[in-house]
Amino acid sequence: MATLRIGTAVLDGTGIARGYLKVGDMPDGRPMQIPVLLAQGARPGPTLWIHGCVHGNEACGAFVVHRLMRELDTATLSGTIVALPILNITAFRSKARMSPFEGFSGGDLNRAFPGKADGTLTEQMAHAIYTELKAHAGYLVDLHTAMTADVRWALFPNAPGEVGQKSESMARAFGFNSTLPAPIDILAGSAMMVAARDGIPGLIVEAGGKGPAFTAALVSDVVERLRNVMRQIGMLTGTVAQHGPLTYFSNFAWVRAVQGGLFQRAVQCGERLKAGTVLGHYYDLWGQPTGEALSPQAGVVLAIHPGPIMASGETLVHIGLDPREV
Amino acid sequence: MAPATTVIRVGTAEAAGVGVTRGELRVGDTPDGEAVTIPVAIVRGAGEGPVLWINGCVHGDEFCGAFIIHEMLRTLDATSLSGVVVALPILNITASQRGQRMSPFATFGFGDLNRCFPGNPGGAFTDQMAHAIYSPLRQYADYFIDFHTALTPDTRWALFANAPGDVGRKSEGIARAFGLKSTLPAPMDILGGSSMIAAARDGIPSLIVEMGGIGPAFERETVLEGAERLRNVMRHLGMLAEKPTEHGPLTYFSNFAWVNATRGGLFERAVQCGERVDKGTLVGRYIGAHGDIVEEVKSPHAGIVLAINPGPAMATGDVLVHIGLDPRDT
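Taken in sequence, the protein lines are chains E and P.
Numbered by the numbering used here, the letters in the first sequence go through residues 1 to 326 in order.
Numbered by the numbering used here, the letters in the second sequence go through residues 1001 to 1330 in order.
To be clear, the hints were calculated from the coordinates, so they are not data collected in a lab.
Treat the hints with care, since some could be wrong.
[Claimed, not checked] Residues on chain P that point at chain E, a partial pick, calculated with CB under 7 Å:
(1) ILE1090
(2) GLY1215
(3) ALA1217
(4) HIS1290
(5) MET1314
(6) GLY1317
Cβ coordinates follow ideal geometry from the N, Cα and C atoms, glycine included.
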């Protein structure tokens, strides 16, 4: 079995190795490095690359990766797992989406792939990560967290040919009812889309809430679904659980708040919307109603702002469009 | 009790007769010279009765209180009210706008507004805010309730000023009418600088409520429950006509213990609010960057969980768990 090496994590045979991948330097000159876990099974098989916290405050993904790896028995594994639970480590420490060291150009790591060796901090991070991903990954799973604890949806690259077919089979094995076959021209710079163009099937999972909306129940559910993906791609034995028909969308709509104020949501994730459905209520400082947020489009709620406060321009709701059972 | 002829004036809100008056109280200035003002609502009832003063968001990110106060105000009919409600739902407005506990204008360790009462007109930003808020509170309030929010949606506890004599008895009366099972008769030597203790020393019966979770842990159920409990306090005080609900025996504590984290890491809690813990009960697990469980945290005290850190990430010194000590049913 060939030696597997990512950063300081090195694995010569069956088992699990831990180490760090350097993605940049801190302002005090110490290395900015992110945790890496490698697992090699007793039998040959594909390489599954899983990462979390591409956005620093989306911690559910880290917990999912951690639990999956803690509960993994490499004696029953076919193939290899490369797991990076916390990509955007400096953002994670700040409990923020983006790194505090990113000066200009936004800092959204999931718009920076494949990265740039001499670009901004976030581009250099993306480059360090994606170079390894491209070299090793047979399949990619990218774990995200949204705003509220009830978020449950997934998207896969609807690429032509085998990449799209394999991505769809991962999404069906994962089995969230709300699933978007993502048009290949959206989410430019995301790890999933860049990998799909490089021939690597992938899946983005959006599950659970940030900060104090974090719940342990979510972690167990997602880990079990990931194991089902691993059965589907031949890394674990056992029957692949069938989740039945899913609800597919044509695309999604991000809807921004054009009003600010105190806010209470009126819908739950997974709920059907019509154009004009009340999404939530705005109030002024005295508690008087100042407006209703109405859905501009029909579809299914993928994510909804939890309140309690909103500034104009924040993401009010994320809608899956043209739902159909497939 | 404010005589019916007295005008109640808090900032620009001036309540002379029956009905609702809204205005703003200036509590300071921003660095660009604009006034920092906070919302005030005064509801003056048709009947005679006490002045109930209600505050929210003394810590800027504790929004459940603002929503509870708002919900109660929206359902309050001045013609069926006896007495006066003075509500300041968002005290620490510059902190609230940022969704954080303390004001960005706070200086040098004076950031916790609930440690600055009765305030100081020549003090730091937060001292001056406290002074602007506390002066009319002391002038008008017969009873005082201060609403807080903790970390997780399941937080439900209260504490009242266990002052000697009438103030303590009346404080206990409003705590029992609010009726959260976990209730601390707060020793008068803790929470120095809180508005509750400052008010109790000035003879005003007082209660602090801790309900619900901050940020994305915000839930409407907490708001509806809190507003109904608040109405029950108003029934108990004779401000609303209906008979108050009896909540039965509560669990009292001798004091509370704040336990701070002595290590950092990813964190998963193992207990819920209201749960009994013994010394040594598992309260949560620290997880390293690679997913190893690096420590199982045990409770250093026996008692009841008042608040618990929800994770997902913790640095050393964060509040790990808040425990009510020596629980007893009364």
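Outcome of the hint check:
1. ILE1090: For ILE1090 of chain P, the interface hint holds, since the closest Cβ of chain E sits about 6 Å away, which is under 7 Å.
2. GLY1215: 5 Å, holds
3. ALA1217: Holds, about 4 Å.
4. HIS1290: 5 Å, holds
5. MET1314: 10 Å, violated
6. GLY1317: Since chain E brings no Cβ nearer than about 14 Å to GLY1317 of chain P, farther than 7 Å, the hint is violated.
Checked against the numbered hints above, the structure breaks hints 5 and 6 and satisfies the rest.
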